[in-house]
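Peer 1: For the protein sequence lines, the chains are A and B, in the order given.
Its first residue numbered 6, the first sequence is counted upward by one per residue in our numbering.
Its first residue numbered 185, the second sequence is counted upward by one per residue in our numbering.
Any given hint might turn out to be false.
[What the hints assert, rightly or not] Derived SDA-like pairs: lysine to any residue, alpha-carbon spacing no greater than 25 angstroms straight-line:
1) A:K42 to B:R239
2) B:K210 to A:L50
3) B:K197 to A:K101
4) A:K55 to B:G268
5) A:K42 to B:R295
6) A:K55 to B:S249
7) A:K101 to A:L50
8) A:K101 to B:G200
9) A:K55 to B:T204
10) A:K101 to B:T204
[As the list claims (entries may be wrong)] The following residues of chain A were derived to be distant from chain B, with all beta-carbon distances above 12 angstroms:
11) S30
12) L50
13) S66
Bear in mind the hints are in silico, worked out from the structure with no lab data behind them.
The beta carbon of each residue, even a glycine, is placed where N, CA and C say it ideally should be.
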Amino acid sequence: QQPVQSPQAVILREGEDAVINCSSSKALYSVHWYRQKHGEAPVFLMILLKGGEQKGHDKISASFNEKKQQSSLYLTASQLSYSGTYFCGTEISGGKLIFGQGTELSVKP
Amino acid sequence: DAGVTQSPTHLIKTRGQQVTLRCSPKSGHDTVSWYQQALGQGPQFIFQYYEEEERQRGNFPDRFSGHQFPNYSSELNVNALLLGDSALYLCASSGDTEPYNSPLHFGNGTRLTVT
Numbered sequence: 006q007q008p009v010q011s012p013q014a015v016i017l018r019e020g021e022d023a024v025i026n027c028s029s030s031k032a033l034y035s036v037h038w039y040r041q042k043h044g045e046a047p048v049f050l051m052i053l054l055k056g057g058e059q060k061g062h063d064k065i066s067a068s069f070n071e072k073k074q075q076s077s078l079y080l081t082a083s084q085l086s087y088s089g090t091y092f093c094g095t096e097i098s099g100g101k102l103i104f105g106q107g108t109e110l111s112v113k114p
Numbered sequence: 185d186a187g188v189t190q191s192p193t194h195l196i197k198t199r200g201q202q203v204t205l206r207c208s209p210k211s212g213h214d215t216v217s218w219y220q221q222a223l224g225q226g227p228q229f230i231f232q233y234y235e236e237e238e239r240q241r242g243n244f245p246d247r248f249s250g251h252q253f254p255n256y257s258s259e260l261n262v263n264a265l266l267l268g269d270s271a272l273y274l275c276a277s278s279g280d281t282e283p284y285n286s287p288l289h290f291g292n293g294t295r296l297t298v299t
């Protein structure tokens with residue numbers, strides 16, 4: 006039931022792009038994306054809903070393929086502040102958000 | 185605008201003891217979810233409270249119980265603590281006007297260590 010994220014870890018140089026993928030075996034109501042920095046709480050980035058509606062961060066984009074139950078988070082022109090662990094959360098039934106194991110992103114100068 | 189606040193920040197307990205963790209949701213939020221996060225893992229859903237009722241529950245034993253008060257604050261209780269209960273416990277609040285598209289706002293968590 007837990008969504009699967011890939012890759013598990015990625016290292017970037019400032020300015021480079023990255024894609025993080027999230028895949029579920031269950032039909033989804035929505036997909037959430039959060040970023041957690043070491044020792045801090047997860048912070049909301051984006052929600053993607055069935056039907057194409059999106060809500061979230063202006064500088065981050067994502068896609069949601071409802072038929073395949075897959076979502077991708079696109080990080081472009083990465084900055085040092087993008088470093089952290091990214092979690093996707095899949096909503097299968099009302100309000101119950103199940104998180105993946107995380108993707109650790111490191112952006113180097 | 186106060187965000188989600190949790191107390192205490194750290195706690196050390198002995199196996200077999202009981203613990204109560206507390207959470208005050210973000211102003212305007214009426215739904216509280218609790219998560220357990222082991223080191224290096226994603227948050228694991230414990231349960232969600234809305235209108236003082238447990239609305240959803242994850243795969244956690246009955247030793248984990250909760251409560252929501254009329255002011256929307258919440259408590260997580262864990263009985264008969266095991267070493268494996270050592271983790272960061274996160275509380276997240278959300279507005280319930282649109283249950284399928286409400287961002288979670290997390291508190292900084294309570295770090296529980298069971299010895």
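Peer 1: K42 of chain A and R239 of chain B: Cα distance at most 25 angstroms?
Peer 2: 29 angstroms, violated
Peer 1: Holds or violated: are the alpha carbons of K101 of chain A and G200 of chain B at most 25 angstroms from each other?
Peer 2: Given that 25 angstroms is the threshold and the Cα spacing comes to 29 angstroms, the pair is violated.
Peer 1: S66 of chain A: least C-beta distance to chain B exceeds 12 angstroms?
Peer 2: Correct as stated: the minimum Cβ-Cβ distance to chain B is 17 angstroms, above 12 angstroms.
Peer 1: Any Cβ of chain B at or closer than 12 angstroms to S30 of chain A, or is the non-interface label fine?
Peer 2: 16 angstroms, holds
Peer 1: Would you check whether the claim that L50 of chain A is not at the interface survives, using Cβ distances to chain B and the 12 angstroms cut-off?
Peer 2: L50 of chain A not clear of chain B: closest Cβ-Cβ about 9 angstroms, inside 12 angstroms.
Peer 1: Assess, step by step, whether the Cα of K55 of chain A is no farther than 25 angstroms from the Cα of S249 of chain B, and give holds or violated.
Peer 2: 32 angstroms, violated
Peer 1: Holds or violated: K55 of chain A with G268 of chain B, Cα cutoff 25 angstroms?
Peer 2: 37 angstroms, violated
Peer 1: With a cut-off of 25 angstroms on the C-alpha distance, tell me whether K101 of chain A and L50 of chain A pass.
Peer 2: The given pair, whose Cα atoms are some 18 angstroms apart, holds under the 25 angstroms limit.
Peer 1: Take the C-alpha atoms of K42 of chain A and R295 of chain B, compute the straight-line distance between them, and say whether it is at most 25 angstroms.
Peer 2: Distance ~16 angstroms between K42 of chain A and R295 of chain B Cα, so the pair holds.
Peer 1: Within 25 angstroms, alpha carbon to alpha carbon, are K210 of chain B and L50 of chain A?
Peer 2: With Cα atoms ~17 angstroms apart, K210 of chain B and L50 of chain A stay inside 25 angstroms; holds.
Peer 1: Is K197 of chain B close enough to K101 of chain A, meaning Cα to Cα at most 25 angstroms?
Peer 2: Violated, because 29 angstroms separates the two Cα atoms, which is more than 25 angstroms.
Peer 1: Between K101 of chain A and T204 of chain B, is the straight-line Cα distance small enough, at 25 angstroms or below?
Peer 2: Holds - the C-alpha atoms of T204 of chain B and K101 of chain A are around 22 angstroms apart, at most 25 angstroms.
In terms of the numbered hints stated before, the structure departs from hints 1, 3, 4, 6, 8, 9, 12, listed from lowest to highest.
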